[in-house]
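2 protein chains.
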Amino acid sequence: MTLPDLFASRSSRMKASEIRELLKLLDQPDIISFAGGIPDPALFPHEAFREAYATILSGPSANVALQYQVSEGYLPLRQWIAGEMGKLGVPCDEGNIFITSGSQQGLDYLGKLFLSPRDTALVTWPTYLGALQAFNAYEPHYERFNPTGGNMTPAAYRTVASQAGGRSKFIYLVPDFANPSGETLSRSEREGVLDLAAELDIAVIEDAPYQALRYSGKTVPPIMALDCARSGGIEKARTIYCGSFSKVLAPGLRVGWVCAPRAVIEKLVLAKQASDLHSPSINQLAIHHVAQTSYADQIAKCRTVYGARRDAILQALRSAMPRGAEWTEPEGGMFIWMTLPEHIDTVSLLARSIEEARVAFVPGHAFFADGSGRNSLRMSFTLADERAVTQGVPRFGELLAKVL
Amino acid sequence: MTLPDLFASRSSRMKASEIRELLKLLDQPDIISFAGGIPDPALFPHEAFREAYATILSGPSANVALQYQVSEGYLPLRQWIAGEMGKLGVPCDEGNIFITSGSQQGLDYLGKLFLSPRDTALVTWPTYLGALQAFNAYEPHYERFNPTGGNMTPAAYRTVASQAGGRSKFIYLVPDFANPSGETLSRSEREGVLDLAAELDIAVIEDAPYQALRYSGKTVPPIMALDCARSGGIEKARTIYCGSFSKVLAPGLRVGWVCAPRAVIEKLVLAKQASDLHSPSINQLAIHHVAQTSYADQIAKCRTVYGARRDAILQALRSAMPRGAEWTEPEGGMFIWMTLPEHIDTVSLLARSIEEARVAFVPGHAFFADGSGRNSLRMSFTLADERAVTQGVPRFGELLAKVL
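Protein chains in written order, with full-length UniProt numbering: chain A, 1 to 404; chain B, 1 to 404.
One thing to keep in mind: the hints can contain errors.
If chains are identical, the list can't say which one is meant, so a pair holds when it fits in one copy or spans any two.
Claimed, not checked - Result set (EDC-like, lysine to aspartate or glutamate): computed pairs, CA atoms no more than 16 Å apart in a straight line:
hint : residue 1 : residue 2
1    : Lys402    : Asp345
2    : Lys15     : Glu266
3    : Lys218    : Glu356
4    : Lys402    : Asp195
5    : Lys15     : Glu139
Hints listed in this document are in silico derivations from the structure and should not be mistaken for laboratory results.
All of these numbers come straight from a predicted model, not from anything done at the bench.
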């Protein structure tokens, strides 16, 4: 027998993402890629990080940075984040903040805590691919949740969850400038999420990595803020908020957080003790240092640069796309979502687009828990420079005009 | 219903370690603690880390350090580790190396890959507490494995595993200067581990965080080296090796590795994509930088300092301990394991020791998968300065003389 023959049944759920495999093929320099969902490294606060690591490693903090740390995370950073959450309308303290290795790790631990095999997770169609990958390891059933309406009744959700062999555990969603759809939920849609969650008596996982990256329109309070207001405080809330420094500061340090009632934080701490003890001490100190000096400036810088890129690509799309292509106009974040006529398969389209138009994007179906959505695709604009906008979008438009 | 009511059954296995709770009580300055299993921060290569982060963040490597990274880890670091594994007798290349956030994360992922609920994990009595915590989340049954002999027959192991409701998946052990026992397996005992694993057709997880920290005696090849030799190369090996930079360089960066056949590495990469995408890029670059310049020097420094501390505490124990106390004499690592007469409960003893002798240690029973071993305790000597040796050990000896 080989070692993989000994693996648990859940390992068969861990599959290489077709998308990630495709992205590896896109390194040729003449290809214009709208595929990668990564921040522009030119916006990283290089000088602030240089200064942070130099300072941290020069004083008595060096031994804090290099030594083991408590599993919940570096206290001053947790206090700083609690202050930021307060500004977003979520009154809380450091006991409600848990440091993760990127918000992805929060999703993994929440899957581990909530999901027994065959339990139901309610997700949007499409939803963040990484969330599906994190949850897949715990073998859930997925049911569709539509924040703009047309959902099943609570009784019907209960029935399908029971038929799947478990019970509904949470609604997972990205309410601000979603990956991949680019869409943002209105305040009343957010209240509707909480209504359904309350009727089903389940949790809400609010994944908010793009929350600060708004380029137009008015800020909508986090679902967690609305929950705290209606339920009488964070300890009674059913929402669990996942935040990240990856989009505004830098992803390479892997620092994110979960904000939740203490009873959830305590279990997350135990999950972390068992899984990697704690997130790197030195990066928590560095993020704390840089956040204090540069967080507001970084948000402003990202908003200016990414906002201009969003405007430019949306304008280019309006000029270049043929009839039959529809796309979202995001108020922030990193992504535009395009829907093509039903007869188009964007996996085949990608192959042709790379060959003929030298333009890449992410086919949409991997973002659907049921593998549907084959006529959709995701474009990221965070790295869309002038060439991408003035050459890439028109070339892609010409190709689409041929196939639609 | 509160959120914890919605948690999966496995969350009940995630329990706060009594030991970790106890350690929090030991901050009073007059207590001499042999409890914590952490490296001495005075030995961290502060200057090398300062120089590494400054260099990395000054050149074009800054964007590599701050950006997302592939899940398997930073290629030059993986190549460097493959070279080190080669020196230990494990011929391999970067395709056999996977970077983890500390070796603890390797244990978590291996539990996730191998263990279905009620599968059997063979562990030593006592075993590393963190391994039990990592595996507990996957709800295994534990069976005792004794590397010095007296094991059940393979048929009997199969029967008990089947009665537990699954099958045996792996033997887990720390062959060099084990945590908590301090013991090291001889070459023939290591061959015996491989014999049993072959008869049961299961994996061997070789946890080797202390491997480089030998203070006396002769190096014994890793189990993985013996396995590669007998099975005809790493791709046919059944051993999975978990390494760490935490004990020799610094734990605060959380960088460890797994060395395994490619088929295992591929699944670990998928587990990591789903759980935290990748270990922090910047710390992988920093460890690579410091390892290249300082790894050998650091090993030499740790061996000199910790070796002297081991000698001093062993000498003090010989003078101060009453008849009836027995302890291991480790050839390396961080721990001494003491066994007291059966009527002694070291949890009660710890309370009395803190009160009367102002000396702390870790009670042994948490290291036993069945909660036995209540007459044992663990002492760490990595932070044992002169006061600890000349005052702490005699005070503890006086207390023991009263209770034995």
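Alpha-carbon proximity between Lys15 and Glu139, which holds within one copy, between copies, both or neither at 16 Å: within (13 Å within a copy, 23 Å between copies)
How would you classify Lys402 and Asp345 at a CA-CA limit of 16 Å: within, between, both, or neither? within (14 Å within a copy, 81 Å between copies)
Classify it for me, Lys402 with Asp195: is the Cα-Cα distance of at most 16 Å met within a copy, between copies, both or neither? neither (46 Å within a copy, 65 Å between copies)
Within, between, both or neither: how does the pair Lys218, Glu356 come out at a Cα-Cα threshold of 16 Å? Classified as neither; 40 Å inside a copy, 64 Å across copies.
Should Lys15 paired with Glu266 be assigned to within, between, both, or neither, using CA atoms and 16 Å as the limit? Result: close only across copies, 10 Å inter versus 31 Å intra.
Of the numbered hints given earlier, the model fails hints 3, 4; all others are met.
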